[in-house]
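All chains, please: the whole structure from these sequences, using the hints.
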Amino acid sequence: MNARMLERITEFAIWTFLWTFRIVIVLVVVVGSFLTLASGKYDIDTWIRLAVTGAALGSVYALVALGYTMVYGILRMINFAHGEVFMGGAFAGYFTAIALDGAGFLNYSPVTALISVVLMIVVAMIISTLLAVIVERIAYRPLRNAPRLVPLIAAIGASFFLQYTFRGFFGPGVYAYPGVTFLSELVPIPLLQIRWVELLVIVSAIVMMTVLYLFVMRTRIGTAIRAVSEDKSTAALMGIDVNRSIVMTFAVGAAMAGAAGVLYALMFRQVTFFFGFIPGIKAFTAAVLGGIGNVPGAMLGGLFLGEIESIGPILFLDGLGVPSANQLKDVIAFTLLVLVLVFRPSGILGERVTKDRA
Amino acid sequence: MTVAEAFPAAGYEAPGYERQDWREVVRVGVMGGIVAVYLCLVGIVPVFDARPLISGVISLGEAALIGSLGVTGAVAARHAQTGPRNVVTAGAVAGLLAGIALSLLVIVGQLVNLRGFMLNASPQLYSLLTFGMGMAGAWIPVVAGALVGGFAGAFWLVPVRYRSPIVRGFLSILVLGLFAGLLRTPMLAAGLGQLARFLFAPEGLTVAGAVLTFVAVVGGRVVRQRLGVQGRLDALPEAQRRRLHVPFVALLLGIVVVLPLLLGPFFAQVIALVALYVLMGLGLNITLGLAGLLDLGFVAFFAVGAYTVGLLTSTAEFGLFDLPFWAAVPFAILFAMAFGAILGLPILGIRGDYLAIATLGFGEIIRILAGSDLLKGVLGGPRGIINIPKPIDVPSTNFLAGPVQIYYIAIVFAALIAFVAWRLRGSRLGRAWLAIREDEDVAEAIGINLIQTKLLAYMLGAAFAGLGGAVFAGLVGSIFPSSINLFVSINVAAIVIVGGMGSIPGVILGALFLIGIPELFREFSDYRFLFYGIALIAMMRFRPEGILPSRIVRRELHVAENAGPATVEADDPTPDRGTT
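Quick mapping for you: the protein sequence lines, in order, are chains A and B.
The numbers in the working numbering rise by one with no breaks, and the one at position 54 of the first sequence is 54.
Converting from the second sequence to the working numbering requires adding 1000 to each position, the first position being numbered 1.
It is possible that part of the hints are untrue.
Restricting the straight-line Cα-Cα distance to at most 25 angstroms, the calculated cross-link-like pairs of lysine-lysine (DSS-like) are [claimed, not checked]:
#1 Lys329/A x Lys1376/B
#2 Lys232/A x Lys41/A
#3 Lys41/A x Lys1376/B
Quick caveat, the hints were computed from the structure, so don't treat them as lab data.
Written out as structure tokens, the structure reads:
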């Protein structure tokens, strides 16, 4: 009797709490947006600018989120080291850029600049793929059948290992990406205030995601990957090399992350050894948001997160009188993560994860 | 029936007749080379070269390099066919390959300017590898690799019973060499100056000290084996064995109590920090070790505790009530617990790995909020809260002044938490936690309320984190948002995981290693998180139960091994099995 009462009280407390939580969040969003828009402090140009930045940021998150989502889909494991693979790509791109800049190729003309960026992306993809495959071989493969926390802890270890390996190799300093003059100019499209670099980021992200989508849906290896994430043992019975499919998943995800690293670094113009950590968690948020294990979901989630992070602080918080609302953009992203996990763990387009213990 | 089975003595299985598996040896050699070059370029060899291990003979960096070559040789030889020639050749070949990798590094480094982007590819590294001969000495690593590898291979020729003592001998040189400075200071003070100078250089062991250590350890182990001490110990009834432990435990306790009084203020600060982490590790041990909830947002509650104490006690700008430290501590614990409930209620329904990421998000949210302009008027923003009073207000001449009091306070609290955890484990609640950790669905099916039980574990962990934060505020005397960072959470989680989930001695050992050594040695602090990374991966691969696991966890994780090839174990000729 007593125990049942207690149970009911807890249940009621949780229920009340969750509803209060929802109402508060909705209130903040609605009232904040209304007050901000009503104050008329920001004109349409500002909003367009924010939306464009958000779209560029979101494309990067989407690219990184693909790696999380694919690995999760196939191994049911959070690849915590994915953010560091992203960082490795940015470093590879940096050294390529320095070499090209030294040769005078980078800033020779817009065409050479574009070729240089493509080269940087290719090198970054190769290095990131290598990193991911090594990590998979050393840290994840031996633990494939271990209890769920074991590979997660190994992944956290791998994340620190990669970060501090890069710190050991290249030092703790901030490396400034060489500037490409034409990339920071505005694209001559009226109204849309988009810089070339943002256009480049968005376009290359779309191209790469399309290629990835076709790769997963149309090729033999892509089919094998999907089969393995559906059911490992049946796939093995059908003659699919499970190990190879898993390695391919890591490689493809890492290639996307490497490219994303270069794109992100081109936007923010710098790279450090610690630079993959926060974008990594955010990309994971994007993957959860879209529905983890779901490739189109990751793209959608990434874009959504990028926009929220860019527009959200000003739209929701500025009107409420929060000073320097932009400081809180990460708070918004992480709150979104918690919200999604609590209220819609299946994400926008995904499978259900709360009770799934596969 | 095959020929070999029919005629076991006919020599089909005899060593040396089958072809050596060179591919494996080459593979090990190449891997060893990669590891050796990695150690050089990541900076471990050049940076640790500054710390002597045996004064004037060998530095820690050189030891790392030789160690990597030696392990390469030993592993390769293990894969080789038996027989003295095979074993030594395999070791030497693998060592040679690793050495070639190092010489390639020297040659490439002399031809190309690697320094342009590789920070540690410095002339200092090359001269270390070639004894200062530069390009002309590029052959040196090759020869050294072959020699070291060959010797390491020959290690397998040593009779089994001496192998473990020899490894222990080398390890003790390593440990004593590291802590030489720490041991020397109190010995000098205690009037043992002669002995201290004989054994220890200001940094590292003396040659005599190293030899003596090695001989003593190896001799001790061998004598112990000869007398069959372990066997006789094992044969004793449980109660009597316990009684034998009493003097050791008493000695250990005595050391723990008097330690800070023997050491200088710097060491007192370090052990105070270690004690603080033991306290927090024991707190997380309940959440992670017993209930299996991986909480990467430990720092959130740490922050709540620290800021509560700061706000309630500070005599400076943001202080509210000027309470004494001890009056604020209960509030710190209560607030941290309340935060644990508020944060825990929504997220405890989600699965383990998601929980880790969500709690990580909480840690970041709290950190950003603490430093933000939004709460600047309350928490002081980046300037933080200063002038937090010391827990025990004594004049600076008293022995309790400074970090020493924090050490004792943390130890007392840690003991308290250990006691609580120990009592809880056997209780109904503790067994419910263990059940949830093992399998949530089954636990729910046998009538355990998941959310309620998990929430209790989470809130207890949060309470102890808040206590840790309060003690931290007392230790430092101020609290800044920069102290609230992810690394607090990672440190605590690493202590619990490496030490052994659910094990109290494991947490203490983990804190000593993971906090104490990086705080004591500058070289280690730069590579602290690199070692964490390696340790976490290695732990998960080879010993997921931690260094000193609780008995239950060990039994659970090794059920299959114990039940399976029992015959193999019985046939194992190693006499010192029980000692390892």
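Comparing the hints with the structure gives:
{"no.": "1", "hint": "Lys329/A x Lys1376/B", "in the structure": "holds (17 angstroms)"}
{"no.": "2", "hint": "Lys232/A x Lys41/A", "in the structure": "violated (56 angstroms)"}
{"no.": "3", "hint": "Lys41/A x Lys1376/B", "in the structure": "holds (24 angstroms)"}
Violated hints amount to a single one, hint 2; each of the other numbered hints is respected by the structure.
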